[in-house]
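Trainee: Based on the hints, put chains B and C in the right spot on chain A.
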Amino acid sequence: MHRRITLALAAMLVIAGCGGAGDQGGGGSGGTAGAPPSTTGFDGTTIKLGVLSPLSGPVAVIGLPLTAGNKIWFDALNQRGGVAGKYKVELVQEDTQYKPDVTVQQYNKVKGNVVAFTQVLGTAPTLAVLPQLKTDKVLAAPASLDALWVREANLLPVGGPYQIQVINALDHYLTDGGGSKDAKICNMIQDDVYGEAGLQGLQYAAQKYGFSIANTQRYKTGTENFTGQIQALAGAGCQMVFLTATPTDAGKIWGTAAQAKFTPRWYAQSPAYASAMSKSAITPYLQQTTLIVAEGTEWGDEKVPGMKDLVARTAQFGPGQQPDYYLAFGYNQGRAMTAVLEKAVELGNLSRDGILNAMNQLGRVSFDGLTDDYQYGPVESRNPPRSSTLFAVDPTKPFGLKTVKYNTTSDAAKAFEFQKTG
Amino acid sequence: MAKPHRNLVRDYRQDLRLFGSPAARAGLAAMLVTLVMLPMVVQDDFWLSVLVYVGITAVGAIGLNLLTGYCGQISLGHAFFIGAGAYVTGWAGGELGLPLVLWLPMAALAGGLLGAVIGPFALRLRGHYLAIVTLGLVFVGEHLWRNFRGLTGGNSGTSVNAPVSLGPIDFNRVELAGEVYSRNQGYFWLVWALVAIVALLVKNLVRTRPGRALQAVRDRDQAAEVIGVRAGRYKIGAFVVSSAIASVAGALFGSYQQFVSPDEWNLLLSIQYIAIVIVGGLGTVFGSILGAVFVGALPALIDRFGDAIPGVRTSVGGEGFISVFALNQAIFGVLIVLFLVLEPRGLAGIWLRIKAYFKSWPFSY
Amino acid sequence: MTAFLQNCFAGLALGSTYALVALGFVVIFKSTGVINFAQGGLLALGAYLGYTFSNNLLLGFGVAILLACLAAALVGAGFERIVLRRMVGQPPFAVIMITIGLLFILEPVITAIWGFDNLQVRNPWNINTVELGGLVFGVKDLWTIGLTTAVVIGFFAFFKYSPLGLAMRVTAFDPEAALAQGISARRVYAVSWAIAAALAALAGIAMAAGPGGLSPSIGFIALAAFPAMIVGGMDSPGGAVLGGLVIGLAEALTRGYQDQLFSWAGDNVSIIVPYILMIVILLIRPYGLLGTKDVRRV
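These protein sequence lines map, in sequence, to chains A, B and C.
Numbering-wise, this note's numbering puts 132 at position 132 of the first sequence, and it's gapless, one number per residue.
Numbering-wise, this note's numbering puts 735 at position 313 of the second sequence, and it's gapless, one number per residue.
Numbering-wise, this note's numbering puts 971 at position 184 of the third sequence, and it's gapless, one number per residue.
With the rest of the complex left out, here is chain A (with noise of 0.2 Å):
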């Protein structure tokens, strides 16, 4: 028995071969032109892209629809034939629990398999798997807003970053929402790294417009009773509140609000805002008081090229599925995806290097209108969406919202630096 498990071992090590790894991945070398040879990820017809997103825990209510998203577009163009019409995309979807650690492993787990990753969600995740896509020299889709991805060769952002959301929606309400730089523009952040951008436009715009923010307040998520931060604000007689936050946090702060008849103009942030909302014992209260800041339209509105090609390949590939602002932006980063394999696969290599040389040979990608173009290529010269569309609550509409000012680019915002990763 002992023999038998020694030689076993032996066995197992000459396999092996018993040595290092340090070497292993990238390579592929390819021409410009004909087929791209198979390499890690591609056998010559399947493309596999990784998907890391928390399927499980509390932030499983961003990761299902954004991942069904990335789906749908996929499933969507496997039929009209694949990527450059031949190459079918396969998906490799792991939990990341929304936890860092997690993320790492589980990135080690697919990265051998994977071409690339069309979505990494979270900024914590992101930013912890980052070192490592470097060192490995691979390209990943981060499934977040976050301004700090613009500038970073290893990442293919999608969308205007929260703080052109947040600097669009002061230009809204200085200019047609009937305020002045006079008026108390307050905030409310959640108290982590999304609530930071949120803040961060807002002091942008305040120093390009010349108003000051006349109170702050933040919060900590599940928080039940938000009685003293709505005290506040009323207390410092906020005329605009900028609000970012998720959405059971934010149905308890316009909740409270309501209570208190506290009626300031609200501009929230795109993920405080869910379907539930619009049938609600708030809606009322929204329909009053609130604008939410987004991109792209209003769900089903058939006059955008792109939102009538969701409706219908939602309705295809994802019949369960809600109308979901995380839907599109899964849906988009598809789009983004296949722009930069239909580029490697005309260079005619889909390796790694191959990957990122198509990403920098990127042009403009257009979303048709699901979010403004993307000027992609080299990081410097990387220009992301800077339009937003300002959305009021309408309980008649698919997902709740109506458009209000379609696609609107403030100065401010196009004048925004993008810097590189601290």
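Since the hints were made in silico from the structure, they are not lab data.
Glycine included, every Cβ here is placed at the ideal spot set by N, Cα and C.
Some hints here could point you the wrong way.
Unchecked claim - To give an idea of the chain B side of the interface with chain A (calculated C-beta under 10 Å), a few residues:
| no. | residue |
| --- | --- |
| 1 | 467 |
| 2 | 469 |
| 3 | 471 |
| 4 | 581 |
| 5 | 585 |
| 6 | 587 |
| 7 | 680 |
| 8 | 748 |
As the list claims (entries may be wrong) - Okay, the calculated beta carbon distance ranges per label pair:
| no. | chain 1 | residue 1 | chain 2 | residue 2 | range |
| --- | --- | --- | --- | --- | --- |
| 9 | C | 879 | B | 426 | 54 to 64 Å |
| 10 | C | 968 | B | 452 | 55 to 65 Å |
| 11 | B | 426 | A | 112 | 53 to 63 Å |
| 12 | B | 539 | C | 879 | 21 to 31 Å |
| 13 | C | 915 | A | 300 | 52 to 62 Å |
| 14 | A | 311 | B | 727 | 31 to 41 Å |
| 15 | A | 221 | B | 539 | 23 to 33 Å |
| 16 | B | 572 | C | 1080 | 36 to 46 Å |
| 17 | B | 572 | C | 1067 | 46 to 56 Å |
| 18 | A | 90 | B | 727 | 13 to 23 Å |
| 19 | B | 626 | A | 112 | 49 to 59 Å |
| 20 | B | 531 | C | 879 | 27 to 37 Å |
Mentor: Positioned in the frame of chain A, the structure of chains B and C alone reads:
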């Protein structure tokens, strides 16, 4: 005269020896060989990174077991010290650029100092009350990390770029006899070497006078005082050492992951450590390591093979009643419950049973 | 002054929620000596059951609450019967860990059944308000305070006058003596789990009936209720109520005066005030405000 049986222990000194019997020595050698060979055999980055994290948690769990298992002080504040270690590493190793031999001890020192500040609470509070107060520490700590921006980067988190070379060896890229080993392989050696060192340190600590004093305090602290053990001093001492070890774990965590944010040092992390210590078995060093493997690697195992279960939805938008991801969590919970119902003394209990079986073999009944 | 009173009212409402959860902790701790980490999971389960009864089966809200509490109580008692009964006499650590395991099981089960999306519970309270003397009282908050008061009174009456309540007190005091008197410890344990689960369900529905709606993270409140349980004393039901109110008021008032008084301590101090208050109170009274002091024997 017949040779005495291999298990016969004839004096106290012999009983205390760490690797007294030939079997124990053979086991030690086997473990060392495994430690060195494993990364060469298992080159898969997934399993290596899982095992690196397991090793890091094992270090932290040994520290917690010293406090909870040997000294009887329950702490839910372990996450705080782990976070402190990670941030000290980000500062000392990253910003100041100090080498491994300096930032690791600095992290330990910082953790020890914080432990010395928290320790005195244990003099006044007992049992569950102490547990919940240390739970408060996690929340107060989280507040500190979010607001102490200079060190922690606030909510945005901070990157940790500490150098990990020891003499000529750079653990990011080990070159040995012409072979180049990857970062995951290098970290495996670094982390598990530290597991071995910490385990040996603690094992040595608990078999000497302070260790016996700790256990006396755990079993009945007033009785311990009566026989001349200064219970207060040992309680604080246990806090200091345990926090220092936790900070070492945090330092390794930060340097391996290269990025940390305040969201990570939450109550769930503390609960995970308590889980490891209980599942592994209270008051055993080896149990802490087994527990870390169980709690750290089991979800990875379930995750790897969970999609083989029929009727499970393996991807978003697929068919099935429950998604494989949710199922993984549930299976983990069920296993913990089942396991503790069957063996309340933890993995170390099973280990002892196996050992006892072979010790008295062939009369094992 | 209005602002102060308004904050006090918010504190009372918040404190009542804490008190309900903390009471659940205390009931289990007192009779079995175990901190039940699954309390948050039971709370979420109760809230989702309430959602099903109210929205899917279209029952009246009062009936839905009652049924949800009953169903949660069955789950609690069932868990005690199937799993924890085997653990009698085992180290308390192992039992605590099992409750953590239960939490790990409950979470995915809940999300598998009800999904992750934010749900709105059909309820008569919503964001309606009553105005009195310049102050605005949320109907939901008034009901939460009222229900908590009713439950607490019922609770004390139950322990004081009913035979089962007496049996529970005796078992908590000395399990062996209770057994010798023919009291069934098993029944006592099962009943305490049932009561704790029902309390959690009540707290859960009261929370979910608000404008925030219902999402799987609702169970996190249980962590915030730990200080309430500890401040009052872990084995004192009266202490749990007192602790809940103290913690709720402290949190709401710090929140209300954050800008004026606490800006030096960083943003958002109010979330750690319960913990700091708890530490301070415990340093003065190591067994909480109303907890029983351990008799320490050598």
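Trainee: Each hint needs a verdict: does it hold in this structure or not?
Mentor: Going down the list of hints, with the structure as the test:
Checking residue 467(B) against chain A: minimum C-beta separation of about 4 Å stays under 10 Å; hint holds. Annotation: residue 469(B) was flagged as interfacial toward chain A, and the flag holds, the nearest CB pair being 8 Å apart, inside 10 Å. The interface hint given for residue 471(B) is met, as the beta carbon of that residue sits about 4 Å from the closest beta carbon of chain A, less than 10 Å. A least Cβ separation of about 7 Å between residue 581(B) and chain A falls short of the 10 Å threshold, and the interface hint therefore holds.
The criterion of a C-beta within 10 Å of any C-beta in chain A is not met by residue 585(B), whose closest approach is roughly 14 Å, and the hint is violated. Here the hint on residue 587(B) is broken, as its CB sits about 15 Å from the closest CB of chain A, past 10 Å. This hint holds: residue 680(B) has a C-beta 4 Å from the nearest C-beta of chain A, less than the 10 Å allowed. The interface hint given for residue 748(B) holds, since its Cβ lies 5 Å from the closest Cβ of chain A, which is under the 10 Å cut-off.
For residue 879(C) and residue 426(B), the Cβ-Cβ distance of about 41 Å falls outside the hinted range of 54 to 64 Å, so the restraint is violated. Take residue 968(C) and residue 452(B): their Cβ atoms lie about 56 Å apart, and the range 55 to 65 Å holds. For residue 426(B) paired with residue 112(A), a C-beta distance near 55 Å keeps the hint of 53 to 63 Å intact. A beta carbon spacing of about 28 Å between residue 539(B) and residue 879(C) agrees with the range 21 to 31 Å that was offered as a hint.
For the pair residue 915(C) and residue 300(A), the beta carbons lie near 33 Å from each other, so the given range of 52 to 62 Å is not met. Between residue 311(A) and residue 727(B) the C-beta distance comes to about 38 Å, which sits within the given range of 31 to 41 Å. A hinted range of 23 to 33 Å holds for the C-beta pair residue 221(A) and residue 539(B), which are about 29 Å apart. For the hinted restraint 36 to 46 Å between residue 572(B) and residue 1080(C), the CB-CB distance of approximately 44 Å keeps it satisfied.
Checked against the hint of 46 to 56 Å, the pair residue 572(B) and residue 1067(C) fails, with Cβ atoms roughly 28 Å apart. Checking the proposed 13 to 23 Å range against residue 90(A) and residue 727(B) shows it holds: the Cβ atoms sit about 20 Å from each other. Checked against the given bound of 49 to 59 Å, the beta carbons of residue 626(B) and residue 112(A), roughly 41 Å apart, lie outside it. Checked against the given bound of 27 to 37 Å, the beta carbons of residue 531(B) and residue 879(C), roughly 34 Å apart, stay inside it.
Hint compliance for this structure: hints 5, 6, 9, 13, 17 and 19 are broken, all remaining hints hold.
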